[in-house]
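Peer 1: Reconstruct the complex from the two isolated chains, following the hints.
Chains as they are written, first to last, in my numbering: chain A, 1 to 251; chain B, 1 to 284.
No wet-lab data here; the hints were simulated from the structure.
Just to be clear, a hint being listed does not mean it is correct.
Computed list of lysine-lysine pairs in DSS-like fashion (alpha-carbon distance at most 27 Å, straight line) [said to hold, decoys possible]: (1) B:LYS280 x A:LYS140; (2) B:LYS251 x B:LYS37; (3) A:LYS7 x A:LYS109; (4) A:LYS143 x B:LYS280; (5) A:LYS129 x A:LYS27; (6) A:LYS138 x A:LYS109.
Computed footprint of chain B on chain A, listed as stretches where at least three residues anywhere in the stretch have a Cβ under 8 Å from a Cβ of chain B [unchecked claim]: (7) 47 to 60; (8) 74 to 87; (9) 92 to 98; (10) 104 to 113; (11) 153 to 163.
All C-beta atoms, glycine included, are put in the ideal place defined by N, C-alpha and C.
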Amino acid sequence: MSKISVKNFNLYYTNFHALKNININIKEKRITAMIGPSGCGKSTLLRSINRINDTIEGAHTSGEINISGKNIYDTEMDVDVLRRNVGMVFQRPNPFPISIYENVAFGLKVNRIASNKSVIDETVEKSLKAVLLWDDIKDKLRKSALDLTLERQQRLCIARVIAVAPYIILLDEPCSSLDPVATRRIEELMIQLKDEYTIVMVTHNMQQAARISYDTAFMLLGELIEFEKTEKIFTNPSRKETEDYVTGRFG
Amino acid sequence: MIKLSPKLSQKLSYSILFLATILAIVPVVVIIFTIIKNGASAITWDFLTSMPKDGMRTGGILPAVLGTFSIVTCAISITLPIGVFAAIYLNEYTRNNLLTRIIKLAIVNLAGVPSVVYGLFGLGIFVMFLKLGVSVIAGALTLSIMELPVIITTARGALNSVPYSFREASLSLGVSRWQTIRHIVLPNALPGILTGTILSIARISGETAPILFTASVFYVPHLPHSIFDQVMTLPYHLYIVSTQIPNMPKKIIFGTALVLLIMVLTISFMAIIARIYFRKHRKW
Numbered sequence: 001m002s003k004i005s006v007k008n009f010n011l012y013y014t015n016f017h018a019l020k021n022i023n024i025n026i027k028e029k030r031i032t033a034m035i036g037p038s039g040c041g042k043s044t045l046l047r048s049i050n051r052i053n054d055t056i057e058g059a060h061t062s063g064e065i066n067i068s069g070k071n072i073y074d075t076e077m078d079v080d081v082l083r084r085n086v087g088m089v090f091q092r093p094n095p096f097p098i099s100i101y102e103n104v105a106f107g108l109k110v111n112r113i114a115s116n117k118s119v120i121d122e123t124v125e126k127s128l129k130a131v132l133l134w135d136d137i138k139d140k141l142r143k144s145a146l147d148l149t150l151e152r153q154q155r156l157c158i159a160r161v162i163a164v165a166p167y168i169i170l171l172d173e174p175c176s177s178l179d180p181v182a183t184r185r186i187e188e189l190m191i192q193l194k195d196e197y198t199i200v201m202v203t204h205n206m207q208q209a210a211r212i213s214y215d216t217a218f219m220l221l222g223e224l225i226e227f228e229k230t231e232k233i234f235t236n237p238s239r240k241e242t243e244d245y246v247t248g249r250f251g
Numbered sequence: 001m002i003k004l005s006p007k008l009s010q011k012l013s014y015s016i017l018f019l020a021t022i023l024a025i026v027p028v029v030v031i032i033f034t035i036i037k038n039g040a041s042a043i044t045w046d047f048l049t050s051m052p053k054d055g056m057r058t059g060g061i062l063p064a065v066l067g068t069f070s071i072v073t074c075a076i077s078i079t080l081p082i083g084v085f086a087a088i089y090l091n092e093y094t095r096n097n098l099l100t101r102i103i104k105l106a107i108v109n110l111a112g113v114p115s116v117v118y119g120l121f122g123l124g125i126f127v128m129f130l131k132l133g134v135s136v137i138a139g140a141l142t143l144s145i146m147e148l149p150v151i152i153t154t155a156r157g158a159l160n161s162v163p164y165s166f167r168e169a170s171l172s173l174g175v176s177r178w179q180t181i182r183h184i185v186l187p188n189a190l191p192g193i194l195t196g197t198i199l200s201i202a203r204i205s206g207e208t209a210p211i212l213f214t215a216s217v218f219y220v221p222h223l224p225h226s227i228f229d230q231v232m233t234l235p236y237h238l239y240i241v242s243t244q245i246p247n248m249p250k251k252i253i254f255g256t257a258l259v260l261l262i263m264v265l266t267i268s269f270m271a272i273i274a275r276i277y278f279r280k281h282r283k284w
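Extracted from the complex, chain B is given alone in its bound form (with noise of 0.2 Å):
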C-alpha cells in the first residue's frame, strides 16, 4: 500500500471529482452542440407548420409537434389529479401502519418499471382490451400510470413541507381536516407540485416507448380530430426519420431533434423559474 502525502491526497482527490464532473457535462454539451449544428438550418416557420412531404424527406413537421402536444395535455390532465389526490391520501389520512408502508414502497418502485413495459402494459389494457385502438387516448392513458408515481411522490413532498404548525393552528380551531387541507395545506404545497408537474410535463413529452405501440403511427395524412385519432409524435418521428427511411436529408433529422430537445429544455427551464419565484415568495 503506497502512503501518500496530505498534500498529494488532496491535489489527486481533488482532480478526480473534477474530472468526474467534467465527464458529466461534456456529452451533454457535445450533444446540444451538435443538433443544434445540423439542425440548425432546418428551422423555418414552414418546417414547423407545414405537414411532411415526398415520404418526410421535405416538408414539416407540424402533426408530430401537434400529436405530441395532444398525448401530453391529455396525460397530464389525467395524472395530476389522480396523484395529487392520493399524495393528500398517503399524506394526510392514513396511518404509519405496515399496509400503508407497502402502498408507498410500492408507488416509490413503479417509478423504476422500464417505460416499454408501460407501453406493452398499454398496448394489452388501453389498445386491445378496452378496445381504444392506437390512438391519442390510449398513449395518454399510458403516459399517465408510467408518471403517476413520479407526480405522486413530487406531491407528497411539497406536501410534507408545509410546517406541521400550519394544520395544528387551523385544526385547533375547529375547522375540519378536509378543510385544513384546502385552505391551508394546498395552497402551500402547490407552488411544489406545480414545478413537479411541470418536470414531468417535460420528462413525458419526450418518451417514446410508452406511446410506441398505443398512440403513434408511422404517417398521417392529416392533423389529429379527437382523442380517438391515431398521431404521429415527436420522439417517435424522430426514430423513423433517423432509421427508417432512405436517403433522408441530414437537415430533417436534426431539425427534428433540435425541436424536441427545445420543447423539452424550454419546459425545464419554466420549471426552474417558477422554482425561483416561488423561493422567493415563500416566507416560511
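Chain A with its partners taken away, still in its complex shape (with noise of 0.2 Å):
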C-alpha cells in the first residue's frame, strides 16, 4: 500500500524547473532512500512532502502529492497540521538553544497538543526512548541541548519530531555531519523506527541507502529516472544513467 503518493509533480524556484513531472508511490511502514548527484532535486522532492519548501521565495509547484489519499497541496490543507503529521530531520541537528526537555516537549506545548505535566513527561521519555537517548541523558534533562554530540543531537532531533506523533518522517541526509560511528548507530534507530513509521530519507552516501532502505529513487536533473527496489537500483537497474551512478562513474 502506498503512503505517499506523487503525481506529475513539478516545483519551480522562481524561473527554475527544479522537479520534473515527478511520479512516484511511497510505501508505508519502509525506508525509501532518494540518491543522485548534488542538485538533483532530491531534496527538493523531499522538502516538497512537507511543503516546507513554502517557506523559500519563490517556489512554487504544479501536480499533486497525495498522503493517505489527500492531496497536501489542495487549498484547504492545513499546513500546520500536515507538518505535524509529516516530521523532517534536517542535514544539521538543529536542536533549539533550551534544555534537552524543553525541545522535545516544545512541538507538545506550543501546539497544545498537551498540557498536563504529566502527559508531556511522559511522551518526553517515551520519544526520548524511542531514539535510545534516555538512559543516557535522564538525568540531564534540564541541561542545554547544545552541550550534547553532533550524534546526541541528531537524535534529540528526531525524538522532538516523534513526539508530536507523526506518521511518516522525512530525513535530509540525517547522517552527513556525523562521524561513521554515529552514522552507523542512527541507521539502526531509522531501521527500528520503520516499524513504526513511513520514512523517507535523502543521502549522498549510496553505501547508506543500500544498507537500510527497502526502495530506492535514483533522481538527476529534476528528473526521476528510477525508482525500484533497493536491491534492484544497485545490482540491477534498468536505466544507463543509474548504472553510471551507482557504479562511481560520476556524481
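Peer 2: Given below as C-alpha cells:
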C-alpha cells in the first residue's frame, strides 16, 4: 500500500524548473531512499512532502502529492497539521538553544497537543526512549541541548519530531555531519523506527541507501530516473544513468 | 610621481592612520575633561534635587532631569512596540518584492532626516493639529517617530541573526508561523533588540531639536504632573543657561552639561554590559 503518492509533480524556484513531472509511490512503514548527485532535486522533493519549501521565496508547484489519499497541495490543506503528521529531520542537527526536555516538549506545548505535565513528561520519556537516548541523558534533561554531541543532538531532533506523533518522518541527509560510528548508530535507529513510521530519507551516501532502505529512487537534473527495490537499483538497474551513478562513474 | 620605497610607504601610511585615530579621540577626551573640570564642583545632592532659583543662577536642575526622564520613558514605550512589530512584519512576513524593498529603503532613509525637521513636524502635527499643546506627550511622540527607523533597523538586524534552521525546525513540527516567532525567533532576538533599545534611549536623551518646539519650555515653577504638562528638559536647559541668561555662573552651565553627559554615557555603558553578558551566554 502506498502512503505517499506523487502525481505529475513539478516545482519551480522562480524560473528554475527544479522538479520535472515526478511520479512516485512511497510505501508505508518502509525506508525509502532518494539518491542522486548534488542539485538533482532529491532534497527539494523531500521538502515538498511537508511543504517546508513553501517558506522559500519564489517556490511554486503544480501536480499533486497525496498522503493517505489527500492532496496536500489542496487549498484547504492545513499546513501546520500536515507538518505535524509529516515530521522532518535536517542535515545539520538543529536543536533549539533550550534544555533537552524543552526541546522534546516544544511541539507538544506550543501546539497545545498536551498541557498536562505528567502527559508531557511521559511523552518526553517515550520519545527519548524511542531514539535510545533516555538512559544516557535522563539525569541531564534540564541541561542545554547544545551541550550534547552531534550524534545525540541528531537523535534529540528525531525525538522532538516523534513527540508530536507524526506517521511519516522525512530525513534530509541526517548523517552527513556525523562520523561513521555515529552514522551506523543512527542507521540502526532508523531500521527500528520503520516498524512504526514511514521513512523517507535523502542521502549522499550510496552505501547507506543500500544498507537500510527498502526502495530507492534515483534522481538526476530534477527528474526521477528510476524507482525500484533497493537491491535492483544497486545490482541490476534498468537505466544506463542509474548504473553509471551507482557504479561511481559520475556524481 | 615620486616612488617611495615599500618600507617608507609602509611607515608613512601607518603614521597617517595612527594620526587619524588620535584626531578622532582627542576632541572626545578634551570635551569630557573640560566638562568634568568645570562642572564637577557643581554636582551636589542639592543640585540634583532642587528647583532652579534666582533666574536659574542658583539652585538645582531637578525639573529638567525629571522632564527629560518622562519624555524619554514615554517616547521609548511608544516607539519600541511599534518598531519591533514593524520589524517582525518586514522580516518574517513580507516577500522580497519591489514594494517591500521600497519600504525598507524608506525606513533606512528616514533615519537620515535632520532632527529639527522632526521637531517642526511634531509642532505642526502634535502640538497644533492634534492640539496636544507643548507637552510631554507631544515631545515623546515626536522623538518616537524620529527613533522609529533606528529601532526597526536594529530589531531587524537582531531578528536576522537568529539562525534560519531554528525557524525551519519549529515550522516542521507543525508550529505556526506566529508561534514560531513568539517562541523561537523573538526570545533569541531579544538580546539584540534590548541593546539596540538602550542605545536608542541614550541617543534620544540628548536630543534637543525635536523637543525644542514640542515639549520644552524655559521655566516651569513646578515638577511635571501629567503627560500633558509642558516641561523643562536637560538639553534645552543647558542651551538656556549657556546662552540666554546673563551673568550665569560657569559652574551651573558645566554642571548641567556633566549631568547630561553622565546620563547618556551611563545608559550607553549599560548597553555595552548587556551586550557582553548576552554574547557570553549565547550558544549559537
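Peer 1: Against each hint, give a clear statement of whether it holds in the structure.
Peer 2: Results of checking the hints against the structure:
no., hint, in the structure
1, B:LYS280 x A:LYS140, "holds, 22 Å"
2, B:LYS251 x B:LYS37, "holds, 10 Å"
3, A:LYS7 x A:LYS109, "violated, 35 Å"
4, A:LYS143 x B:LYS280, "holds, 17 Å"
5, A:LYS129 x A:LYS27, "holds, 26 Å"
6, A:LYS138 x A:LYS109, "holds, 20 Å"
7, 47 to 60, "holds (count 4)"
8, 74 to 87, "holds (count 7)"
9, 92 to 98, "holds (count 5)"
10, 104 to 113, "holds (count 4)"
11, 153 to 163, "holds (count 3)"
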